[in-house]
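**Q** Spelled out, the chains give:
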Amino acid sequence: MSVLAVVARHELLASRRNRAPQLLVAMFIGMVGFSSFIGWMTQHTVSGIYRQVLADGLTTQPNPFVDVAPLFFARNTVIYVVMIGTLMAAALGVQSALRDRKAASADLVLTRPSPVKALLAGRMIGIGALLAVVVAVSSVISWLSISVITRAPLGLGNTARLAGFGALTWVLLLGFAALGVLGGLYIKRETTALLAPFVAWAVIAFVLPQLGTAARPVSLLNPVAAVPQTSGVFHAVSFVTGPLSVTEHFKTASQAILEGSAAGFPVMSGVVIAIFAAGLVAAVVVTSPSRLRGGASE
Amino acid sequence: MTSLAISTHGLTHRYGPTLALHSLSLEVAAGEIFGLLGHNGAGKTTTVALLTTLLRPTGGTATVAGHDIVADSRGVRSAIGYLPESVQFYDELTLMENLRFFAKLSGIGKPDSRIGEVLAFLDFEGHDHERLGTFSKGMRQRVGIAQAILHRPAVLFLDEPTSGLDPEGVRTLRETVVRLNAEWGTTIFMNTHLLAEVTRTCSSIGILRHGELVHQDSLSATLGAYPTEQALEAAYFETAAIETAAFETGA
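Protein chains in written order, with this note's numbering: chain A, 3 to 300; chain B, 74 to 324.
In short, the hints are calculated from the structure, not lab data. C-beta: ideal position from N, C-alpha, C; glycine also. Errors might be hidden in some of the hints.
Unchecked claim - The following label-pair restraints were derived from C-beta to C-beta distances: (1) B/Ala193 to A/Ala162: 53 to 61 Å; (2) B/Asp201 to A/Arg153: 48 to 56 Å; (3) B/Ser209 to A/Ala162: 49 to 57 Å; (4) A/Val205 to B/Gly206: 32 to 40 Å; (5) A/Ala134 to B/Ala193: 38 to 46 Å; (6) B/Gly206 to A/Pro117: 27 to 35 Å; (7) B/Ser96 to A/Ser4: 37 to 45 Å; (8) B/Glu203 to A/Ser4: 24 to 32 Å.
What the hints assert, rightly or not - In silico EDC-like cross-links for lysine to aspartate or glutamate, where the CA-CA straight-line distance does not exceed 16 Å: (9) B/Lys210 to B/Glu190; (10) B/Lys210 to B/Asp145; (11) A/Lys104 to B/Asp239; (12) A/Lys104 to B/Glu233; (13) A/Lys104 to A/Glu192; (14) A/Lys104 to B/Glu241; (15) B/Lys210 to B/Glu241; (16) B/Lys210 to B/Asp239; (17) B/Lys210 to B/Glu158.
Stated by the list, open to error - These stretches of chain A come out as covered by chain B in the derived footprint (C-beta under 8 Å, 3 or more residues): (18) 13-21; (19) 100-111.
Assemble the whole structure, with the sequences as input and the hints as a guide.
**A** Okay, structure coming up:
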């Protein structure tokens, strides 16, 4: 068995035994399962109100929820990926790095005849495999719950879209997991190492989008798309922070995948997410052995 | 001619401006139990870290089991076992799961039978499926020895192996080291600051002071010159005192 496979299997085994990531994984899968139901409830409630308003003669506009695509019910999942999934991935990553630090196993591993890059790549493969399982389970739950709500199995096209969304989710989560691993590897104090990836997560998932959302809102739950600003302060700020708002790009790309946007897949958003993930994974793999030994600068 | 398990020439290491190891030249013959004595901060752990390829020297050369520690670090790592001073292992994994991981990293294809042999050698059977989080310090130390000898290394490095052990644990570890050397022919390089440990276990001794080797000889020759433990201790402190005086006067 190759070093990559040995380390990846070890990573999977150790993560399975760790309670904190388990809790986050369970919460994420549970919320994804629940999200379709929330989507259905939203449509049911709004349509009920619409019918009442229509009966009262207060509107002549058509119900915006009429004939929504089945994958509309998966839109909430995008929010849960950004809010809970990325946090879960960062927690998995930082726990992975801190586990080795607590076990003081770095010196044991580094005195084996295995290349350091293979050890680190194996770790990322293990985390990636775990995330793939989580995403696959959540996708299956989404498929089943949407099929139940719409009273018909999702067609091939929609199933492919759901799979595409799962793949995009996996790439985003892998990036956040790598961010967590880097925090665990590069920061000496354990509490700071735990905190730093979460601060980065909060900045990426909340602060940057806040700076840019006002200019280019992403309509996930509202079926009526907002008109983006093309000038002004928010537009200028969005121009600078836009490329860094990875989660906003994820929302944009997810919306296009789930809805089948007429404009096609937003390539720029896909590229930003891919660069984010690939860059952070590469940063993990090229980490020097001294960092693995607790960041000591021997 | 006796083959050398470890050979260093002018081995030097600096941590930034601090000189941790100064031109260490020593030879350890294959099949020996070598004890490197020294106070805390003398450079013992740095020496082991260099010889196990965890650190790259800033000067000098060294070979372990015939492999250069810089040019052939992978060869060195294939030939050595290492037990650091404080190792915890993965508490959430069982003994077998921990040992399987290290065995596979050492290139042992089907590790279970080898693990069984090693645990039998260490008289540590019956704990296979217990999680390490429940193990005492002494038990962990035996797991540490087990992971270090799974691949039957030619040279075993032990860094302060008796640190934190109770008398029973110290005795067990001492017996294990002697048996490993006698039955498997493993060369053992042991760091310690305990004179008693060295005199009871080792066949040759080195004393490190302020990063410099101030004494190296066989145990018999050392004890010939200093026949009692008290005499050796006095010599140790005398050496240290001379070195300290020289260090302080800049001689």
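**Q** Now, for every hint given, state plainly whether the structure supports it.
**A** Hints, verified against the model:
1. B/Ala193 to A/Ala162: 53 to 61 Å: At roughly 56 Å between Cβ atoms, alanine 162 of chain A and alanine 193 of chain B fall inside 53 to 61 Å, so the hint holds.
2. B/Asp201 to A/Arg153: 48 to 56 Å: Given about 52 Å between the Cβ atoms, the range holds.
3. B/Ser209 to A/Ala162: 49 to 57 Å: holds (56 Å)
4. A/Val205 to B/Gly206: 32 to 40 Å: holds (35 Å)
5. A/Ala134 to B/Ala193: 38 to 46 Å: Holds - the Cβ-Cβ distance for alanine 134 of chain A and alanine 193 of chain B, about 40 Å, lies within 38 to 46 Å.
6. B/Gly206 to A/Pro117: 27 to 35 Å: Check passed, 30 Å falls within 27 to 35 Å.
7. B/Ser96 to A/Ser4: 37 to 45 Å: holds (41 Å)
8. B/Glu203 to A/Ser4: 24 to 32 Å: This hint holds: roughly 29 Å between Cβ atoms.
9. B/Lys210 to B/Glu190: Violated, because 22 Å separates the two Cα atoms, which is more than 16 Å.
10. B/Lys210 to B/Asp145: violated (34 Å)
11. A/Lys104 to B/Asp239: It is violated: about 23 Å lies between the C-alpha atoms, which goes past 16 Å.
12. A/Lys104 to B/Glu233: violated (19 Å)
13. A/Lys104 to A/Glu192: holds (9 Å)
14. A/Lys104 to B/Glu241: Violated - the C-alpha atoms of glutamate 241 of chain B and lysine 104 of chain A are around 26 Å apart, more than 16 Å.
15. B/Lys210 to B/Glu241: Holds. Lysine 210 of chain B to glutamate 241 of chain B sits at ~12 Å (cutoff 16 Å).
16. B/Lys210 to B/Asp239: Holds - the C-alpha atoms of aspartate 239 of chain B and lysine 210 of chain B are around 9 Å apart, at most 16 Å.
17. B/Lys210 to B/Glu158: holds (12 Å)
18. 13-21: holds (count 4)
19. 100-111: holds (count 8)
Hint violations for this structure: numbers 9, 10, 11, 12, 14, all remaining hints satisfied.
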